[in-house]
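Chains A and B, in that order, are what the protein sequence lines are. For the first sequence, position 1 (counting from the first letter as 1) is numbered 1 according to the numbering used here, and the numbering increases by one without interruption. For the second sequence, position 84 (counting from the first letter as 1) is numbered 1084 according to the numbering used here, and the numbering increases by one without interruption.
The hints are simulated quantities; they were obtained by calculation from the structure and are not laboratory data. Note that the Cβ used here is the ideal one computed from N, Cα and C, for glycine as well. Hints may contain errors.
[Stated by the list, open to error] Some but not every residue of chain A turned toward chain B, in silico, with C-beta under 7 Å: (1) Tyr25; (2) Val29; (3) Tyr32; (4) Gly43; (5) Leu46; (6) Leu48; (7) Lys49; (8) Leu51; (9) Gly101; (10) Asn102; (11) Gly106; (12) Lys107; (13) Gly108.
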Amino acid sequence: AQSVTQLDSQVPVFEEAPVELRCNYSSSVSVYLFWYVQYPNQGLQLLLKYLSGSTLVKGINGFEAEFNKSQTSFHLRKPSVHISDTAEYFCAVSRYGGSQGNLIFGKGTKLSVKP
Amino acid sequence: NAGVTQTPKFRVLKTGQSMTLLCAQDMNHEYMYWYRQDPGMGLRLIHYSVGEGTTAKGEVPDGYNVSRLKKQNFLLGLESAAPSQTSVYFCASRRDSGTGSGAFFGQGTRLTVV
Chain A
1 AQSVTQLDSQ VPVFEEAPVE LRCNYSSSVS VYLFWYVQYP NQGLQLLLKY
51 LSGSTLVKGI NGFEAEFNKS QTSFHLRKPS VHISDTAEYF CAVSRYGGSQ
101 GNLIFGKGTK LSVKP
Chain B
1001 NAGVTQTPKF RVLKTGQSMT LLCAQDMNHE YMYWYRQDPG MGLRLIHYSV
1051 GEGTTAKGEV PDGYNVSRLK KQNFLLGLES AAPSQTSVYF CASRRDSGTG
1101 SGAFFGQGTR LTVV
């Protein structure tokens, strides 16, 4: 079975500061890794994903994430955040080639960007 | 392109009432899912479908039933609503699982059971 741990439930940060949202996963098989963003009162939208290859993945809105297999981590980073980045961020995994195809989500990290 | 559409967006039910949530996708995706989102719990899978006419239980299936009679639609039913089912419900669809395609989500249904 797979599981996802998001290490921080809330991250407050000032505008234009860098931010890192931490995600660790557990799995006995290969997985795909995803980050989703949820703005208030909206559904989730895909920010970026890691399938294979380069361990540094770039996504939308200036976000990037680095896959670290030895540490089973997939941390999300942005060098300079904006007020509009205030949202909840979810890390998720999906079993490679699994027949179910469902995503296992972490409990989310609320990013609050202050002026 | 509409993507994934959920109806209704809001609903208030009395304990014991029944209702059906509808999810429709126009991307010809094989996989469809129903999740519930509760504060501090993330998203938990209720039921899912890997193709037309198939359904399976997820992590928290009790009190819910689903049907997928047409490929584009995935219905979630509550036969006898309970206050514990107060939640935000999200439908998602995915092209497949083997290639790592991402899932597309609807806007959610906020359900309150009183």
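Against the structure, the hints:
Annotation: Tyr25 (chain A) was flagged as interfacial toward chain B, and the flag is violated, the nearest CB pair being 13 Å apart, outside 7 Å. At a threshold of 7 Å, the smallest CB-CB gap from Val29 (chain A) to chain B is about 13 Å, leaving the interface hint violated. Hint status for Tyr32 (chain A): holds, given a least beta-carbon distance of 4 Å to chain B, under 7 Å. Checking Gly43 (chain A) against chain B by beta carbon gives a least distance of about 4 Å; that is within 7 Å, so the hint holds.
Restraint check, Leu46 (chain A) versus chain B: the minimum CB separation of about 4 Å is within 7 Å; hint holds. This hint is violated: Leu48 (chain A) has a C-beta 9 Å from the nearest C-beta of chain B, more than the 7 Å allowed. The beta carbon of Lys49 (chain A) is positioned within 7 Å of a beta carbon in chain B (closest approach about 6 Å), and the interface hint is therefore held. Of the supplied interface hints, the one on Leu51 (chain A) holds, with its beta-carbon coming within about 4 Å of a beta-carbon of chain B, less than 7 Å.
A least Cβ separation of about 3 Å between Gly101 (chain A) and chain B falls short of the 7 Å threshold, and the interface hint therefore holds. Annotation: interface hint on Asn102 (chain A) holds; nearest CB of chain B at approximately 5 Å, less than 7 Å. At a threshold of 7 Å, the smallest CB-CB gap from Gly106 (chain A) to chain B is about 6 Å, leaving the interface hint in force. At its closest, the beta carbon of Lys107 (chain A) sits 4 Å from a beta carbon of chain B; the interface hint therefore holds under the 7 Å criterion.
A cut of 7 Å between beta carbons decides the hint on Gly108 (chain A): the least distance to chain B is about 5 Å, and the hint holds.
Of the numbered hints given earlier, the model fails hints 1, 2 and 6; all others are met.
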